[in-house]
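Trainee: Okay, here's what each chain looks like letter by letter:
Protein chains: 2
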Amino acid sequence: MLKRDYEGQNCSIARALEVVGERWTLLIVRDAFLGLRRFDQFQESLGIARNVLTDRLNRLVEEGILERVRYSERPERYEYRLTGKGRELNIALTALRQWGDKYLSEKPPRIFRRKTDKKPVVAALVPRARTSSAPKRSKRCRGRG
Amino acid sequence: MLKRDYEGQNCSIARALEVVGERWTLLIVRDAFLGLRRFDQFQESLGIARNVLTDRLNRLVEEGILERVRYSERPERYEYRLTGKGRELNIALTALRQWGDKYLSEKPPRIFRRKTDKKPVVAALVPRARTSSAPKRSKRCRGRG
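Protein sequences appear in the order of chains A and B.
For what it's worth, this note's numbering labels the leading residue of the first sequence as 1, then goes sequentially.
For what it's worth, this note's numbering labels the leading residue of the second sequence as 1, then goes sequentially.
Simulated from the structure, these hints should not be mistaken for lab results.
Any given hint might turn out to be false.
No distinction is drawn between identical chains; accordingly, a pair holds when it is met within one copy or between any pair of copies.
[What the hints assert, rightly or not] The calculated lysine-lysine pairs, modelled on BS3-like cross-linking and capped at a C-alpha distance of 30 Å, are:
id, residue 1, residue 2
1, 118, 85
2, 102, 119
3, 102, 85
4, 85, 119
5, 102, 118
None of the values given here were measured: they were computed from a predicted structure.
For reference, chain A alone in the conformation it holds in the complex:
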């Protein structure tokens, strides 16, 4: 179990792993990206003990990665949705998936594409400026006509 186990480590990677490095946690986040929201959906997808799932979901809510939202009053039922903080784990998850696809899988089971143009999306290291300004800049370029 990872809890506060990397205490000597003054490092954002260690801190991130303290939050999402517990067993199953990143797979719960992956499932949330795939659209799962309800306890039973996660349980079915992961096949883990309900008390472990409860523990991981509670931790993810505490850490602000998932939020617990009531979707039914009678009976009272809650579902779990990714927050903005949670959604920003998509780069790390995509990078891990890509690495697993390349080195550990026979064939990549999933391809992500941008909604706007359907281009396959990959995680990559890029100069900081490009990520924010390139899309806008490319809009401003016009043809000669």
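With chain A held as given, fit chain B onto it using these hints.
Mentor: Using the frame of chain A, we list chain B on its own:
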């Protein structure tokens, strides 16, 4: 402990976590990126039990993420170097660090810059084509003179 624990999961993320999801493993890889190579350097950096470190290093060698290279004959001494497969974990590590920097740290402890132009480098999701072709393409663009 993660070992072969995500068996029901046909997913590259789960497979990647089986390989690098054990406690300390990603921090060893991080240290290797920072230039550490020798057992005692890792041990000092991480402050973990020597048997745990031995176990993790052996696993990383088995998985082809580190290679064990002899650097001294008498006494016989080995060091650990990232392989190509290991170096490709940099996107996932950078993404985790970035997320940790943003949400869990007061101030980011490290900035990575490209060697060629010193621009800060970030992990991002980008259309697949851009990562390989954009640098070449931008060379071809010339001013009006």
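Trainee: Can you list which hints this structure breaks, lowest number first?
Mentor: Violated: none.
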